[in-house]
Each structure stands twice: as C-alpha cells, then as structure tokens.
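From just these sequences and the hints, can you work out the full model?
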Amino acid sequence: MKKLILFFLGCTAWSCCGASLPQPCADLGELIITRFVSAPFPHPKRAEGHKYKDQVFSASKHYEDSTVAIFIPQGFRATRKIDFVVHFHGWFNNVTSVLEQYKLPEQLVNSRRNAILVVPQGPRNAPDSFGGKLEDPDGFLRFMNEVTDTLRQKSSLKTKRLAIGQIILSGHSGGYEVISSIVSVGGLASRVREVWLFDALYARTDKFLSWYDAQHGRLLDIYTQHGGTKDETESLMATLKQRGTRYFAGKESETKADDLERNNLVFIFTELPHNDVVEKHQTFRDFLETSCLKARPGE
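So the number in my numbering is just where the residue sits in the sequence shown, counting from 1, plus 696.
Don't read these hints as lab results, they were simulated from the structure. Certain hints may be false.
Simulated DEER-style distance windows between Cβ atoms [to be verified]:
| hint | residue 1 | residue 2 | range |
| --- | --- | --- | --- |
| 1 | D902 | G745 | 24 to 34 Å |
| 2 | S886 | A991 | 20 to 30 Å |
| 3 | E950 | K856 | 43 to 53 Å |
| 4 | K749 | D954 | 39 to 49 Å |
| 5 | D834 | P969 | 30 to 40 Å |
| 6 | Y943 | D723 | 38 to 48 Å |
No more than 25 Å apart at the CA atoms, straight line, and that leaves these computed lysine to aspartate or glutamate pairs for DMTMM-like [said to hold, decoys possible]:
| hint | residue 1 | residue 2 |
| --- | --- | --- |
| 7 | K856 | D723 |
| 8 | K757 | E796 |
| 9 | K903 | D927 |
| 10 | K799 | D982 |
Quick caveat: nothing in here was measured; it's all calculated off a predicted structure. Backbone N, C-alpha and C fix where the C-beta goes; we use that ideal spot for every residue, glycine too.
What follows is the structure, given as structure tokens:
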C-alpha cells in the first residue's frame, strides 16, 4: 500500500479518512502520519465489522484505517538504539483525537525525555478493545520493525543505523487488551520496560503479572471510582499482598515523583473522570519524567 507521509515543518493541516489532523507548531518537533502494512487493521477477525449490543460497526468505517502517527520531539538525539513510547487509545477514539485531546506530543516535549512517540489507529470510533494484528504472535515485532524502517527512510533523523531500544507501552481504557497481547505474544517482551494503564485494568491481569514476573519492569496503574477498573485493580493488589510482592498504592493527590521512581508496581487512585486521567493533571508527562527513559541532551 502506498504510504502517505507528512512532516509538520510549520503549522499546517492535512486530512486522513475525512478527519482533520492536529496542527502542532514547528518548535514541538516532527510528526509523521503514515500507513503501515503491520498496523492493527484491517484484520480478518473484523472483516465483517463488529457488533456491540444492537449496533453494527462496519469494517469500511471502523476497521480499515491503518494510520500510524510517529512524533519525534524537538531536540531528540538519535543513537543506534532508539527508545519508544507506544500509546494505544480506547473506545470511540482515533489517532487525531488522541493527539489533540490528550496533548501527547506536548507532554512528551515537556517531559524532556529522549524518546519517540508512536500512536497506531485501533478500532476507529468504535466500542471495541481488539488490537488487530498487534494481538497476533510476533505482530508487535513486525510493527516496530516497520516503525524503524519508516524512520530510516522518511524521517529527518541523520542516523540510519538505528535499532529498537527500550519500549514503554501506554494504554487508556480499552487499550489494555492489545498491550496484554503484546507482552505475552508480541515478540518484544524483553524490550518492554514499562507498562502504563490509564484507567485500563479491566481484565487479562494474569498476562500483565506474568510479564512483570519475567521482566521485572515497571507497571503503573492509575484508576478511578467509576471507570470500571477499581475492582480488578484492588484484586491485583490483594494478590500481590498475599504472595508478598512489594508495591506502592496511594491517592493521586498524595503521590510524589519519588513514589513513582522507587517502585516498580504502582497503583494510583484518582478522583478524576475516566477520560481525564491522561492529560488533565499531566499524568502522561509525570510518568515520562520518572521513567527509564533518558533526558534529551542539554535538558
């Protein structure tokens, strides 16, 4: 499939699938909008669309968009190994909305971390957590190889001898499902150093726990009262307590940066609504600042 590439060198607009894409200014960095062969969709399991309750979400409108956004922050320094933050959206969402609503590029820039942000299109504006090809065995490996190929061929990075370094997987709401598959069968589990769940621990908890036990990475789980994740989160904490595994749990208003930095298992209760947990208090930025990622040179 022919790739469509956009480099935002100024404040410009471009449209994909009828949606207007965000218009970041040049001093934020470089945004590439493209289509991937290895993107989550289309996928055979959604060839006939998806039925939720009494409504059918057609394949043509919701499961044929292979858009992937790649954002390189201003001041990023490429080394042979590139670190990535891959974010997965939840229900009734799309790449355009995610970048605009949650201000992910701005939060990455403000965190001063030397990493590249990747946002693939999941089910487009549909009530569905399925991760398409990224739930297939080695699907995430193929996806990330296409990410690095795209950077070599299309980005302004000077180095072309780059490889995959550390990976952080971030997911809001229904984004949990694809992340759980990536850490279990995606093919790059050893590169995944952190998993962030933004009111997203609905199920598949055993897969997250198995990844933690094998890789000893950092799992951050911020949850709400009414987002549907509270019971599952408390159940996981009870399991950890029973087996004697150390973790941190606290209210968002009382949680400090040191708590995030010194603990690999972190559970944060917030009074924010479900859709505010990523951006309202700049939590995505805070997670970045306390992560395994290095600061950009000169920051």
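Each hint tested on the structure:
no.	hint	result
1	D902 with G745: 24 to 34 Å	30 Å, holds
2	S886 with A991: 20 to 30 Å	24 Å, holds
3	E950 with K856: 43 to 53 Å	47 Å, holds
4	K749 with D954: 39 to 49 Å	45 Å, holds
5	D834 with P969: 30 to 40 Å	37 Å, holds
6	Y943 with D723: 38 to 48 Å	39 Å, holds
7	K856 with D723	23 Å, holds
8	K757 with E796	21 Å, holds
9	K903 with D927	17 Å, holds
10	K799 with D982	13 Å, holds
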